[in-house]
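Novice: What follows is the residue order along each chain.
Protein chains: 2
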Amino acid sequence: MTTPHFTPLVASLPSTVPFVGPETLERRRGRPFSARLGANESGFGPAPSVIAAMREAAGDVWKYGDPENHDLKQAIAAHLGVSARNVSAGPGVDCLLGLVVRQYINPGDAVINSLGGYPTFNYHVAGFGGRLVTVPYRDDRGDLGALLDAVKRENAPLVYLANPDNPMGTWLEADAIQSFIEALPETTLFILDEAYGETAPASAIPPLDVDRPNVLRMRTFSKAYGLAGMRCGYVVGASEQITAFDKIRDHFGISRMTQVAALAALADQIYLRQVVGEIAAARRRIEEIAAANGLRTIPSATNFIAIDCGRDGAFAQRVLEGLIERDIFVRKPAAPVLNRCIRVSVGPRAELDLFEERLPLALAAADQSV
Amino acid sequence: MTTPHFTPLVASLPSTVPFVGPETLERRRGRPFSARLGANESGFGPAPSVIAAMREAAGDVWKYGDPENHDLKQAIAAHLGVSARNVSAGPGVDCLLGLVVRQYINPGDAVINSLGGYPTFNYHVAGFGGRLVTVPYRDDRGDLGALLDAVKRENAPLVYLANPDNPMGTWLEADAIQSFIEALPETTLFILDEAYGETAPASAIPPLDVDRPNVLRMRTFSKAYGLAGMRCGYVVGASEQITAFDKIRDHFGISRMTQVAALAALADQIYLRQVVGEIAAARRRIEEIAAANGLRTIPSATNFIAIDCGRDGAFAQRVLEGLIERDIFVRKPAAPVLNRCIRVSVGPRAELDLFEERLPLALAAADQSV
Chain A
1 MTTPHFTPLV ASLPSTVPFV GPETLERRRG RPFSARLGAN ESGFGPAPSV
51 IAAMREAAGD VWKYGDPENH DLKQAIAAHL GVSARNVSAG PGVDCLLGLV
101 VRQYINPGDA VINSLGGYPT FNYHVAGFGG RLVTVPYRDD RGDLGALLDA
151 VKRENAPLVY LANPDNPMGT WLEADAIQSF IEALPETTLF ILDEAYGETA
201 PASAIPPLDV DRPNVLRMRT FSKAYGLAGM RCGYVVGASE QITAFDKIRD
251 HFGISRMTQV AALAALADQI YLRQVVGEIA AARRRIEEIA AANGLRTIPS
301 ATNFIAIDCG RDGAFAQRVL EGLIERDIFV RKPAAPVLNR CIRVSVGPRA
351 ELDLFEERLP LALAAADQSV
Chain B
1 MTTPHFTPLV ASLPSTVPFV GPETLERRRG RPFSARLGAN ESGFGPAPSV
51 IAAMREAAGD VWKYGDPENH DLKQAIAAHL GVSARNVSAG PGVDCLLGLV
101 VRQYINPGDA VINSLGGYPT FNYHVAGFGG RLVTVPYRDD RGDLGALLDA
151 VKRENAPLVY LANPDNPMGT WLEADAIQSF IEALPETTLF ILDEAYGETA
201 PASAIPPLDV DRPNVLRMRT FSKAYGLAGM RCGYVVGASE QITAFDKIRD
251 HFGISRMTQV AALAALADQI YLRQVVGEIA AARRRIEEIA AANGLRTIPS
301 ATNFIAIDCG RDGAFAQRVL EGLIERDIFV RKPAAPVLNR CIRVSVGPRA
351 ELDLFEERLP LALAAADQSV
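So the sequences go chain by chain: A and B. Note that the first sequence ends on residue 370 in the UniProt record's numbering; no numbers are left out. Note that the second sequence ends on residue 370 in the UniProt record's numbering; no numbers are left out.
Certain hints may be false.
What the hints assert, rightly or not - Chain B stretches covered by chain A per the calculated footprint, using a threshold of three residues with CB under 8 Å from any CB of chain A:
hint	region
1	2 to 16
2	62 to 74
3	84 to 97
4	186 to 193
5	239 to 246
6	300 to 307
7	324 to 335
Derived from the structure by calculation, the hints contain no laboratory data. Note that CB positions come from ideal geometry on N, CA and C, so glycine has one too.
Okay, chain A solo, but in the shape it has when bound (with noise of 0.2 Å):
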């Protein structure tokens, strides 16, 4: 039988989930997780505050939310010192990346990203058919020197970068990061993911420029606000470049309850603070963990650890295979040197007490099956 056609793009690409979730591995073992410290969610979860809020506001899902988020925009605006014109919001970051790969990537077009970085920023530009071209990291930090290289020599639109980053939860600084802004080509847009920019040390945030159209800074409600689930993240930018959004987004892509949610979570700075120390607290817990049995940590500045495992990336992935028997879901880097690490993320005592029991078990038995 005849069939629709899809693009040719689209026929090209695979079926896919970037992230296999922690629910697919429990179907597949048949139980359920009891630690789970994978996804680098923030097991502290979402403020009381918000919680309330998002209780209240349950009868009242029969309605479209906003689809100019108007208020959500106005007080993230409010947060950060920009006007709203220069603040766009989406259903996670995950949507605005694609979106912006949208906007500037026609077929063929390098996007520069680091070896190991962020699988679904790669995943929507091969989606958008745009050609990624990696430079591995250095010292488990992005290599900005090299990134800069990348997008000269491929003369590339688009570059990304997430600081702090994520596998690694390392961060450069902002002065380092200024310079490589300042360095780049004007025709280069700069992608700043900053989804764990709340749990950073302040001197590796930059200070927020819109004057700038060729840098988008992305920021979430998915980790250090522990509203993962809800999908929530946003752009700050050139209001040119914020204006754009409004082309091709789904307008009603955040849902109302979620546009209640992430108002009531900005609006709890207290909780936020009293969140981000708990973080520091369980960091320097896996540390001790890790330190215990022999392990050295890559130093966080994110809500999550990597774990250095001391050896090649098969034998961590055979300690994270020991880990995910013993009902802890973690997950590791795929790319080869960043590998050799497992990476956990922060979670309530109990959850960690649990890591603390079980990482010497699956350490021995990755050992043993050699």
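With chain A held as given, fit chain B onto it using these hints.
Specialist: Coordinates of chain B only, in the frame set by chain A:
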């Protein structure tokens, strides 16, 4: 200053909002509406069981939702009597429509819609460089013969029809739809948007045939289920077509809370039947109000009624504006012939009481303002 270059397609697009939200109008007016009857929402609300499920889930939204929407797809498939391989879900039919256009439309390809058909579909056609070809309604219904002629004349890879129809509320019988499907070229994909399927007579819904690769059926939780503000739609079709959504969708697009809400809504078919009854009663009430004002209504299988204001589009526009001035949010079709109507969504008694009170005032004002 040189700036990053949008793709030629994106550069050519306007920044727009396909629908101006009632919140935007409220901000402009400086006061809220008293009756929200314009967006085909369900003022009867989601089921109490759904509200309870959302309230219970509020503390869990620090977790990402399942990116495979596994449980939701299983439940939808079981509800429809198909396999989960024949179901994909997304954050609203709006989003799914965009994904379909992206899958099948190369720049310049013809896409067929009715003149005055769903604007957000047209927005996506423009957004991916499709060439929209429209076919006038006939007797306030989609004109299947003319749509088929246009498909063949334009060699169109894609044709869209909402049944029941928005913005007119009319419906076509299943056998007419089925004949249209059978007459379509096998390479033309037919999007059959059944957003209002739950309120339609059974005779309007063709049997599901998931062996046919060139029909995608769309459904939503936004209308009868009362969850417009949560963003959940789904698409049913042949497995090869369904799998293709995994090539380009945002995998975390449906929020965790939304998955909870949609699952609970699907499980409460008793509430759905009750609401469908309330919707039908409210339709009759709107018809009576119109008749009391000497106005004809278009028979509707949806959760709204198109009221023929009996004169031209300019008059109906004045009636619309008169209602909005009087704090009644309604909308109207923009396309020729259809634009003689205003479109009034069903709602609870108190809101329809206000509509009944203020429609005659708006009509009189519209009459006098010539």
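Novice: Run every hint past the structure and note whether it holds.
Specialist: Results of checking the hints against the structure:
Only residues whose C-beta sits within less than 8 Å of a C-beta in chain A count toward coverage, and the region 2 to 16 of chain B has 12 of them, enough to reach three; the restraint holds. Only residues whose C-beta sits within less than 8 Å of a C-beta in chain A count toward coverage, and the region 62 to 74 of chain B has 8 of them, enough to reach three; the restraint holds. Coverage of a stretch by a chain is defined here by at least three residues with a beta carbon nearer than 8 Å to that chain's beta carbons; for the region 84 to 97 of chain B and chain A the count is 4, and the condition holds. Remark: the region 186 to 193 of chain B is confirmed as covered by chain A, as 4 of its residues place a Cβ nearer than 8 Å to a Cβ of that chain, reaching the required three.
Remark: the region 239 to 246 of chain B is confirmed as covered by chain A, as 5 of its residues place a Cβ nearer than 8 Å to a Cβ of that chain, reaching the required three. With a threshold of 8 Å between beta carbons, the proposed coverage of the region 300 to 307 of chain B by chain A is violated, since 0 of its residues qualify and at least three are required. With 0 residues having a Cβ less than 8 Å from any Cβ of chain A, the region 324 to 335 of chain B misses the three-residue criterion, and the hint is violated.
Going through the hint list in order, the structure does not satisfy hints 6, 7.
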